[in-house]
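**Q** Using the hints provided, position chain Y relative to the given structure of chain D.
Quick mapping for you: the protein sequence lines, in order, are chains D and Y.
In this text, residue positions in the first sequence follow the working numbering: the first is 35, and each later residue adds one.
In this text, residue positions in the second sequence follow the working numbering: the first is 78, and each later residue adds one.
Because the hints were derived from the structure by calculation, they are not lab data.
Some clues are possibly wrong.
As the list claims (entries may be wrong) - A short, non-exhaustive set of chain Y residues, derived as facing chain D with CB atoms under 10 Å: (1) T176; (2) G177; (3) T316; (4) S317.
For glycine and all other residues, C-beta sits at the position ideal for the given N, C-alpha and C.
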Amino acid sequence: MTKSNKPQVKIVNCETGEEIVRDATAEEIAQIELNSANAAAKQTEADAKATAKAALLAQLGITEEQAKLLLS
Amino acid sequence: MTKARNLADNALTTVSPTELGYVDGVTSSIQTQLDDKTAKSTLTTKGDVYAATAASTPARLAVGANGTVLTAASGQATGLEWATPAAGGMTLISTTTLTGASITLSSIPSTYNHLQLVILNYKPANDNSYFCFSINGDMAANRHLSSRTDADMSGTSATAFDNTNFITGKNDNSVAQGIQIINLFDYTNVVTWKFGFSYGVFNNATTTTSANVFARPLIYNQTNAISSLLLFPESGNFTSGTALLYGVK
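Just chain D, same shape as in the assembly:
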């Protein structure tokens, strides 16, 4: 039996203790892909913010610690 390449999901029945591991359904795969896309988008946004912050600090000629001190 070949191992599936689909994502695996586990269902745990808390009343019986039964655990079932199965391939994700098409709907679940779509949700997993959406989650990953959202995570990637957030990371891109965070990276862009970090880049912009670094550029601003360079423009001002101060360090991040100095900027924090100014705002504290």
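**A** Just chain Y, lined up with the frame of chain D:
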């Protein structure tokens, strides 16, 4: 013939001086004094206790079943009864290894007051991925809120429900020594939004010897009772970890 005369006639023949000496110092009726005492024979069995049914009226109360406790009960003859102590504390409902793309904890019993989910050593396959979960597998937009800013928690800001799921803390993909506690309060009520609190510490992905410390109120803006939880990493699979679900009374 008087009783005193009888005693005088018989004492010298049937009662020794030593025996007569036993009543030395008696100043009132011996029988009355004996009647005021409680008979040891009232207690017949191991564990029996004395209990009064009224003033100066002791009675036997048999020991209760193992594990029961003695409690006041004015409706009982003795005013006491053995009762099963009220259940309290935490009960482990489920323990499972974090693996695959998601874990669904289904058919959560509705017999507890609160739930506590403990996540041990969460390790995602993708570096720096948040631990996420949703109530009842609900991934509809704008129903979950994982507060983390002062403004969110000021009690005065209009904070929007902005996610399809809760996000808590994020962890490195090679070192996993963290723990997270998620408390979900009054999870069976069908009147209020559901509220929880997540706090914990995970390994920082850049410097694994440093800690990602987090504490977030979690709000789900639906009134359904919680019967299942869908756990998943922000992206990719779980590599390892353990989820323990407790019922709290």
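**Q** For this structure, which hints from the list above don't hold up?
**A** 3 and 4
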